[in-house]
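Trainee: Following the hints, position chains F and W with the ligands against chain P.
Protein chains in written order, with our numbering: chain P, 2 to 286; chain F, 4 to 345; chain W, 2 to 332.
Derived by calculation from the structure, the hints in this document are not laboratory data.
Fair warning: there could be bad hints in the mix.
Between beta-carbon pairs, the in silico distance windows are [claimed, not checked]: (1) P:110 to W:119: 27 to 33 angstroms; (2) F:199 to P:48: 40 to 46 angstroms; (3) W:190 to P:242: 48 to 54 angstroms; (4) F:120 to W:193: 56 to 62 angstroms; (5) P:213 to W:111: 51 to 57 angstroms; (6) P:186 to F:117: 55 to 61 angstroms; (7) W:304 to P:110: 57 to 63 angstroms.
Every beta carbon over 12 angstroms from chain P, so not counted as near; a handful from chain W, in silico [stated by the list, open to error]: (8) 29; (9) 32; (10) 35; (11) 49; (12) 59; (13) 101; (14) 119; (15) 122; (16) 134; (17) 168; (18) 257; (19) 258; (20) 293; (21) 297; (22) 301; (23) 324.
Just so it is clear, CB atoms sit at the ideal spot from N, CA and C, and this is done for glycine as well.
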Amino acid sequence: MDLRRQCPNRYPEVMLLSSGTQTKTDRLAPHAEAGTPVLEARNIHKNFGGLKALDDVSFHLNKGEILGIVGDNGAGKSTLIKTVTGAYRKTSGEILLNGKPVEVENTRRARELGIETVYQASGLVEVMDAPSNLFLGREMTRSNWLGNALGFINRRMMRIETVELLKTLNIEVRNLAAPVRNLSGGQQQSVSVGRAAYWQGKIIILDEPANNIGVDQQRAVLELVERVRDSQGVSFIIISHNMDHIFNLADRVIVMRSGRMVGDLCIADTSRAEVVGLITGATIT
Amino acid sequence: MNVAADKAVEAKRGSVAGVLRDWLDGRSDAASVTTTALMLVALILLFYSVNERFISMRNIVVLLNQSAAYIILGVGMTLVITIKGIDLSIGAIVAVCGMILGILLVNNDYPVWLAISAAIAIGGVCGAVNGYCVASLRVPALVTTLGTMVLFRGVAYVVLEDNILFRYPEELLWIARGRIFGLAPAVYIAAITVIFGFVLLNHTRFGKHIIAVGGNAEAARLSGINIWRVQFLVFALMGVVSSFAAIIWVARLNSTQASVAQGVEFHTIALVVLGGTSLFGGKGLIVGSLLGALILSVLENGLAITGISSFVQQTLLGLIFITVVALRTLQAREASQADEPM
Amino acid sequence: MSDANSRDFLMAVRTRLDAAPESALLLSTFSLLLLMILVFSFTADQFFTLAVLRNVLTQTSIYIILGVGLTIVLTSGEIDISIGSIIGLGAMVLAVSVVNMGIPIGFGLIATLLVGVLCGLMNGFLTAVVRVPSIIVTLGALTFFRGLAYLLGGGTALVGFPPFLVWIGSGTVIGVPVPVCLALITVVLGQLFLKSTRTGQHIIAVGGNAEAARLAGINIRFSKILAFVIMGVLSAVASIIMVARLDAAQSVMGAGIELQVLAAVVLGGTSLFGGRGVILGSVLGALILTILQTGLLLSGVVQFWQLVAVGILLIAVVAIRISYEPSEVRP
Ligand SMILES: Nc1ncnc2c1ncn2[C@@H]1O[C@H](COP(=O)(O)OP(=O)(O)OP(=O)(O)O)[C@@H](O)[C@H]1O
Ligand SMILES: [Mg+2]
Chain P
2 MDLRRQCPNR
12 YPEVMLLSSG
22 TQTKTDRLAP
32 HAEAGTPVLE
42 ARNIHKNFGG
52 LKALDDVSFH
62 LNKGEILGIV
72 GDNGAGKSTL
82 IKTVTGAYRK
92 TSGEILLNGK
102 PVEVENTRRA
112 RELGIETVYQ
122 ASGLVEVMDA
132 PSNLFLGREM
142 TRSNWLGNAL
152 GFINRRMMRI
162 ETVELLKTLN
172 IEVRNLAAPV
182 RNLSGGQQQS
192 VSVGRAAYWQ
202 GKIIILDEPA
212 NNIGVDQQRA
222 VLELVERVRD
232 SQGVSFIIIS
242 HNMDHIFNLA
252 DRVIVMRSGR
262 MVGDLCIADT
272 SRAEVVGLIT
282 GATIT
Chain F
4 MNVAADKAVE
14 AKRGSVAGVL
24 RDWLDGRSDA
34 ASVTTTALML
44 VALILLFYSV
54 NERFISMRNI
64 VVLLNQSAAY
74 IILGVGMTLV
84 ITIKGIDLSI
94 GAIVAVCGMI
104 LGILLVNNDY
114 PVWLAISAAI
124 AIGGVCGAVN
134 GYCVASLRVP
144 ALVTTLGTMV
154 LFRGVAYVVL
164 EDNILFRYPE
174 ELLWIARGRI
184 FGLAPAVYIA
194 AITVIFGFVL
204 LNHTRFGKHI
214 IAVGGNAEAA
224 RLSGINIWRV
234 QFLVFALMGV
244 VSSFAAIIWV
254 ARLNSTQASV
264 AQGVEFHTIA
274 LVVLGGTSLF
284 GGKGLIVGSL
294 LGALILSVLE
304 NGLAITGISS
314 FVQQTLLGLI
324 FITVVALRTL
334 QAREASQADE
344 PM
Chain W
2 MSDANSRDFL
12 MAVRTRLDAA
22 PESALLLSTF
32 SLLLLMILVF
42 SFTADQFFTL
52 AVLRNVLTQT
62 SIYIILGVGL
72 TIVLTSGEID
82 ISIGSIIGLG
92 AMVLAVSVVN
102 MGIPIGFGLI
112 ATLLVGVLCG
122 LMNGFLTAVV
132 RVPSIIVTLG
142 ALTFFRGLAY
152 LLGGGTALVG
162 FPPFLVWIGS
172 GTVIGVPVPV
182 CLALITVVLG
192 QLFLKSTRTG
202 QHIIAVGGNA
212 EAARLAGINI
222 RFSKILAFVI
232 MGVLSAVASI
242 IMVARLDAAQ
252 SVMGAGIELQ
262 VLAAVVLGGT
272 SLFGGRGVIL
282 GSVLGALILT
292 ILQTGLLLSG
302 VVQFWQLVAV
312 GILLIAVVAI
322 RISYEPSEVR
332 P
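One chain only, chain P, in its complex shape (with noise of 0.2 angstroms):
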């Protein structure tokens, strides 16, 4: 048997809700489909010296979904998914990618997997413009034979992208060739949140999205996750304090605290007092 949880798509509970006479089975998402996960992480340990940042840590995440995570500060969430994308070597453990075991040594390997990440600090060379920190690690060269052969970047083409992205994304760039420290904290953040979509990989991992930027950027980087997730079957990891993204967006959610995995839940059968209360770590009835 299986015990590895599917949960049902948000938007077809909302007609639920609506209709009210549907029954649970038939609200599986369109989009989260039954099978093997796409991603999948087994018994992940992490010590940091003496301190264990992550003690057997399992979850896995299903195609086409949106998995939550939450948890207090310092409950390992940032860890877990360094270690996962190989920002950090795992002390122990196992990564499954559609079934198949995967060793993911270093970021760079992470991103040939298809897994692109935003980590919760920036992630951007602040010095840098934006089309250069859009394309950091991947930039483009021309197509001619110097370019192929010395990696000559190819500039103009790579505004050109940046100026698309930064339109659907809603973001205002006064100035593309002015270094990304001169943007607001949100619009660096919108940013970094625009590579992850840009580049498209079949799992986005998304390290606290909406910290410390505006209402409006805030509602086009969760529009964002849905369209990607609709148009092109994404499956997206979330970590947020704010349960209102949470409930909105995800259909599964996994709780952290201390270093451990406390609950697995889909956000359909559960309560926000529900997962609070395993964050703390208080008891409800």
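Mentor: This is chains F and W with the ligands only, laid out in the frame that chain P set:
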């Protein structure tokens, strides 16, 4: 209660190694200094096995007299590096202070105490210039002291030109050549400087501020520490101790010229690093620097005693320095487990 | 133009320059250079003779070549103070192989460049892989390489180089001295590399924010090691030019040059903290330093005052620059 945390504590209590590691974690400074001390002992034994004369009273006295100026500079540089600064101008400051001594004592007949006070004052002024540029103008310490290194040296050259001043009064020479209980007064000056530096850094409020500014300047600023004052005073202090070194230097050589003490800044930085002080700021080991100074002196003195050519000596010195620092770094990384994939 | 108009115009310029910090830096360095040339053209009559200019350019070429290398290293967030010793070692390898052992000059040159590569590899390995701070690594290397130079060549000067090497030092190509040609090539290649290639961009990213670069999958080790290797090779090139110009090689060659080069690069606006490298600025910085020294000399200022002037200029320029930088912290 937090079950996971309880378990972790239990697991640690179980093993002796865990206890030991916890103890060392809490006292990484002590561990670091111990390593340095062991290195020093090993070196001394090594050279002793090559030549028994190495541990003779005479040689020890020579060694300490030679190291005194470096130890003093090391104390100042430790404080500078602890605030994440660096001072390349100390050799030039020594030259300027030497110049003052020469003018007052050789070209004129001022009393020695006056000349010494003047030298210390000039050292303080030079340090204050550095401090002003770093703290007020916010020019990075490396650039500031690179500039003042050329500037101060230039001043010494403008005044002294290519002349060598010598024949200093006996009272000044006594500082390096006299003996109190068998050791030169310079050694006592060094000892007092070390004690002063140690107490200042580890047992005063100002010392805590120094560590805070080096560890995280922004946090220190937000918690109300006057960064400006800390930076300014530390560089000024470096200037003052450089003048001590200059006095000892002049007394030892019985001469002054504009080119004196060229390159001591690198020697001093090297000994501070050997002593385990972090170049990333926020961690300063005065005792480590003392040991570092002794290690460098033992190395130079010991290599000389083995009778190999000075060319080989220099090569070995560089090689040993690089190896030690590399091993240190690897050890520190092992301990912190900060081994992220690239 | 009315007052309001001109103020608008100034504001517009200011915004533009804020957005393009490197152009602003270049502009300020260039103005300083022009100012200096203007002053010296009044105080020193012979300043504008062709011979003087040619001499200034040839002298500066070594600093320019080294400056390009150091700019790249600083951009990657590191520093190299061993370049003077690499020059000494390179000179000795060249001299011993060509003069003492009679190896053809071509192989001698290749050997010298290889030594530069090896020195750079060592510095880069210890910095990027072992992760010892580069100032410490290259401080040790400074002693080590110089020691090796002495071991190879002893303390005496070696002379008797073949004509080809002499040509590198004093020959010309269509009227331009060979060292100047080499410097030009280095600047063009350096600028192209840093600003227009992927690897160059990675070096900027690594120096600008190492953690962001790492998370973006950039190979930090490779970028840093490459920067040091480039520095090593360029130091070797500089050593060849030095030997060629003197027609003699000595173990002490290049001693202390690292600080001069550092001064030139910093004058040019390159950041000591990584992420911002202005290669053309370093060229201007090197020119400023040589012109200042030559100009003072020709104006009859005593040699030692030049040191004072250089020190004050360096601090003043950086201080003024910093006061214009958008500042987050004011204690
Ligand atoms: N590089 C590191 N070295 C040592 N300890 C670390 C490191 N990174 C994280 N930790 C520790 O691991 C624990 C988990 O940290 P993590 O950043 O994963 O928390 P988080 O759940 O993301 O919190 P937040 O909501 O504040 O982002 C914390 O106790 C933290 O101190
Ligand atoms: Mg986090």
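Trainee: Decide, hint by hint, whether the structure agrees.
Mentor: Structure-based check of each hint:
1. P:110 to W:119: 27 to 33 angstroms: Check passed, 31 angstroms falls within 27 to 33 angstroms.
2. F:199 to P:48: 40 to 46 angstroms: 42 angstroms, holds
3. W:190 to P:242: 48 to 54 angstroms: Cβ of residue 190 of chain W to Cβ of residue 242 of chain P: about 50 angstroms, so the range 48 to 54 angstroms holds.
4. F:120 to W:193: 56 to 62 angstroms: Check passed, 58 angstroms falls within 56 to 62 angstroms.
5. P:213 to W:111: 51 to 57 angstroms: Holds, since residue 213 of chain P and residue 111 of chain W (Cβ atoms, about 55 angstroms apart) stay within the stated range.
6. P:186 to F:117: 55 to 61 angstroms: Taking Cβ atoms as reference, residue 186 of chain P and residue 117 of chain F lie about 59 angstroms apart, which means the hint holds.
7. W:304 to P:110: 57 to 63 angstroms: 59 angstroms, holds
8. 29: 18 angstroms, holds
9. 32: 22 angstroms, holds
10. 35: Consistent with the label, residue 35 of chain W stays out of reach of chain P, its closest Cβ about 26 angstroms off (over 12 angstroms).
11. 49: 38 angstroms, holds
12. 59: 30 angstroms, holds
13. 101: Residue 101 of chain W is indeed farther than 12 angstroms from all Cβ atoms of chain P, at 39 angstroms.
14. 119: At roughly 24 angstroms from the nearest Cβ of chain P, residue 119 of chain W sits farther out than 12 angstroms, so the non-interface label holds.
15. 122: 21 angstroms, holds
16. 134: Holds: least Cβ distance 21 angstroms, greater than 12 angstroms.
17. 168: 30 angstroms, holds
18. 257: At roughly 31 angstroms from the nearest Cβ of chain P, residue 257 of chain W sits farther out than 12 angstroms, so the non-interface label holds.
19. 258: 28 angstroms, holds
20. 293: 29 angstroms, holds
21. 297: Correct as stated: the minimum Cβ-Cβ distance to chain P is 36 angstroms, above 12 angstroms.
22. 301: 44 angstroms, holds
23. 324: 18 angstroms, holds
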